[in-house]
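S.K.: As they're listed, the protein sequences go chains A and E. The letter at position 133 of the first sequence is residue 132 when you use numbering that gives the first Met the number 0, and the numbering goes up by one with no holes. The letter at position 150 of the second sequence is residue 149 when you use numbering that gives the first Met the number 0, and the numbering goes up by one with no holes.
Take these hints with a grain of salt, some might be off.
For chains that are exact copies, the list does not tell them apart, and a pair is met inside one copy or across any two.
[To be verified] Below are the SDA-like pairs computed for lysine to any residue, each with C-alpha atoms no more than 20 Å apart in a straight line: (1) K156 - H188; (2) K64 - G88; (3) K132 - P113; (4) K79 - T20; (5) K196 - N220; (6) K132 - R216.
Keep in mind the hints are simulated off the structure, nothing from the lab.
Protein chains: 2
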Amino acid sequence: MARLLKGKIVADALMEENRKTVAELKEKGLCPTLAIFRIGEKDSDLSYEKGINKKAEEAGIRLVKYVFDEDVPTEEFYSKLDQANKDPGIHGILVFRPLPDRFNDDELRNMIDPSKDVDGCNDLSLAGIFINKNLGFAPCTAQSVIEILNYYKIDPKGKNVVVLGRSLVIGKPVSMMLSNLNATVTICHSRTRDVEKIAAKADILICATGMMESVNRNYVNENQTVIDVGISWNENKNKLCGDVLFEEVEPLVKDITPVPGGVGSLTSCILISHVIESCKRSA
Amino acid sequence: MARLLKGKIVADALMEENRKTVAELKEKGLCPTLAIFRIGEKDSDLSYEKGINKKAEEAGIRLVKYVFDEDVPTEEFYSKLDQANKDPGIHGILVFRPLPDRFNDDELRNMIDPSKDVDGCNDLSLAGIFINKNLGFAPCTAQSVIEILNYYKIDPKGKNVVVLGRSLVIGKPVSMMLSNLNATVTICHSRTRDVEKIAAKADILICATGMMESVNRNYVNENQTVIDVGISWNENKNKLCGDVLFEEVEPLVKDITPVPGGVGSLTSCILISHVIESCKRSA
Numbered sequence: 000m001a002r003l004l005k006g007k008i009v010a011d012a013l014m015e016e017n018r019k020t021v022a023e024l025k026e027k028g029l030c031p032t033l034a035i036f037r038i039g040e041k042d043s044d045l046s047y048e049k050g051i052n053k054k055a056e057e058a059g060i061r062l063v064k065y066v067f068d069e070d071v072p073t074e075e076f077y078s079k080l081d082q083a084n085k086d087p088g089i090h091g092i093l094v095f096r097p098l099p100d101r102f103n104d105d106e107l108r109n110m111i112d113p114s115k116d117v118d119g120c121n122d123l124s125l126a127g128i129f130i131n132k133n134l135g136f137a138p139c140t141a142q143s144v145i146e147i148l149n150y151y152k153i154d155p156k157g158k159n160v161v162v163l164g165r166s167l168v169i170g171k172p173v174s175m176m177l178s179n180l181n182a183t184v185t186i187c188h189s190r191t192r193d194v195e196k197i198a199a200k201a202d203i204l205i206c207a208t209g210m211m212e213s214v215n216r217n218y219v220n221e222n223q224t225v226i227d228v229g230i231s232w233n234e235n236k237n238k239l240c241g242d243v244l245f246e247e248v249e250p251l252v253k254d255i256t257p258v259p260g261g262v263g264s265l266t267s268c269i270l271i272s273h274v275i276e277s278c279k280r281s282a
Numbered sequence: 000m001a002r003l004l005k006g007k008i009v010a011d012a013l014m015e016e017n018r019k020t021v022a023e024l025k026e027k028g029l030c031p032t033l034a035i036f037r038i039g040e041k042d043s044d045l046s047y048e049k050g051i052n053k054k055a056e057e058a059g060i061r062l063v064k065y066v067f068d069e070d071v072p073t074e075e076f077y078s079k080l081d082q083a084n085k086d087p088g089i090h091g092i093l094v095f096r097p098l099p100d101r102f103n104d105d106e107l108r109n110m111i112d113p114s115k116d117v118d119g120c121n122d123l124s125l126a127g128i129f130i131n132k133n134l135g136f137a138p139c140t141a142q143s144v145i146e147i148l149n150y151y152k153i154d155p156k157g158k159n160v161v162v163l164g165r166s167l168v169i170g171k172p173v174s175m176m177l178s179n180l181n182a183t184v185t186i187c188h189s190r191t192r193d194v195e196k197i198a199a200k201a202d203i204l205i206c207a208t209g210m211m212e213s214v215n216r217n218y219v220n221e222n223q224t225v226i227d228v229g230i231s232w233n234e235n236k237n238k239l240c241g242d243v244l245f246e247e248v249e250p251l252v253k254d255i256t257p258v259p260g261g262v263g264s265l266t267s268c269i270l271i272s273h274v275i276e277s278c279k280r281s282a
């Protein structure tokens, strides 16, 4: 039986920190503020927003919502975004992406002021991770992986870490962050040969391909920590599943994050932490 | 006996390309131009400059030199740099670093317009490599490694590549570039455990720690391609040496770059290629 690396307890600890810091900032007359940009009423957006609402309220930070109709002209959207960039009272900006097709995602990501890019999506934020320099913020999911390891005292220093997936949202940034923490990182992807053999030698295995239940017994070893970043709806099992075939892998490894209840439990807390950090930096 | 991956033949092929492209650009009335910024008369700077002079002449590109006394005020230096940034007739800017201590290297690197950053030293250039997007240019040494593999038809796709070293000049960018080319990349560094064992399993081993002759027989295998990025002066042997203990390793591997005469033979050609590419992009 593996130790379950549950996310909630990590989130609770982070939120405790967040509340304290917000109280301190408020004493100085500062109120960390997040601006949310949403177009339309997509279920996934509304569900994420609900989570953020709750955490924002818990932490005592302020939310400003910019909500637009599906047919909002791009100029109008960009002009509001520009306003939020310039507003010294706003410390973080989150745009629910993907936006409708008429928006150029690359242009949009880079319109957000890096110092307010609390979900770490623009080029300079990503550059900061590569360079190991505070240019913006890390993508929240990548940061969540680091926070879980940190909370459970699994020090990546000197460990062999295998990352499955090289996306800009998680695989690449988490690889760099772990290398910066002195892990020896191997980045695997769809073209990797013998991926099972490589993965099975890892001390820490980060699963971030988005391929549901693809990581099975062949990828793991009994001393391994498995961090499952995936989250997909399994039609057959009628429940959320990760990239790991949990019931097969869990008995074979040392530590594993559950899905749901693992990495995903942290992302909105991390977002809030970034808003608070941005407010501190701006003070 | 390993195949020697000599740099000169690769450089010659690149220069042939460069000459053709410059001729085409000149027919359109464009002349690729590189601005060099140098403070003082350091031997290493002068030697690199001499190499660039020769290659620039061969390719038919124009050089503009900004040479300053050791005691140039920082404002004067920055103001000239700003001028070069804004001058549409200048396509590439190379600053011989490190500058004297009163200059902030980080600030300096990022003052160069990314579109003219032909040695890939500023944050956005590095971000471009991480994101796999043409924001600036790759560091010339990292690009040299890729060109050598390419010339000798050693396709990194699906190969296990081990990179020794994680510097921003070579280790990190070359890791990302090779991952973008579909290699499975492991980034090793001073904190890596069992580095010899990890290296010995690589199909391609990139040696970029700067630790002279540190890579010995324990790091290699008979099917391995070894790329040696190091270049140090060996006092005992009274000659230039790489990171690889050449006489021991060479008989044991499939391919190896010599030092000198390997990676280092390409860097000034790559610099010229970047200036030409920048001129093409600006047209």
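S.K.: All hints are to be evaluated individually against the structure, with a verdict given for each.
M.R.: For each hint, the structure was consulted:
{"no.": "1", "hint": "K156 - H188", "in the structure": "between (23 Å within a copy, 11 Å between copies)"}
{"no.": "2", "hint": "K64 - G88", "in the structure": "within (14 Å within a copy, 46 Å between copies)"}
{"no.": "3", "hint": "K132 - P113", "in the structure": "both (13 Å within a copy, 18 Å between copies)"}
{"no.": "4", "hint": "K79 - T20", "in the structure": "neither (29 Å within a copy, 45 Å between copies)"}
{"no.": "5", "hint": "K196 - N220", "in the structure": "both (10 Å within a copy, 19 Å between copies)"}
{"no.": "6", "hint": "K132 - R216", "in the structure": "neither (38 Å within a copy, 36 Å between copies)"}
The earlier numbered hints that this structure contradicts are 4, 6.
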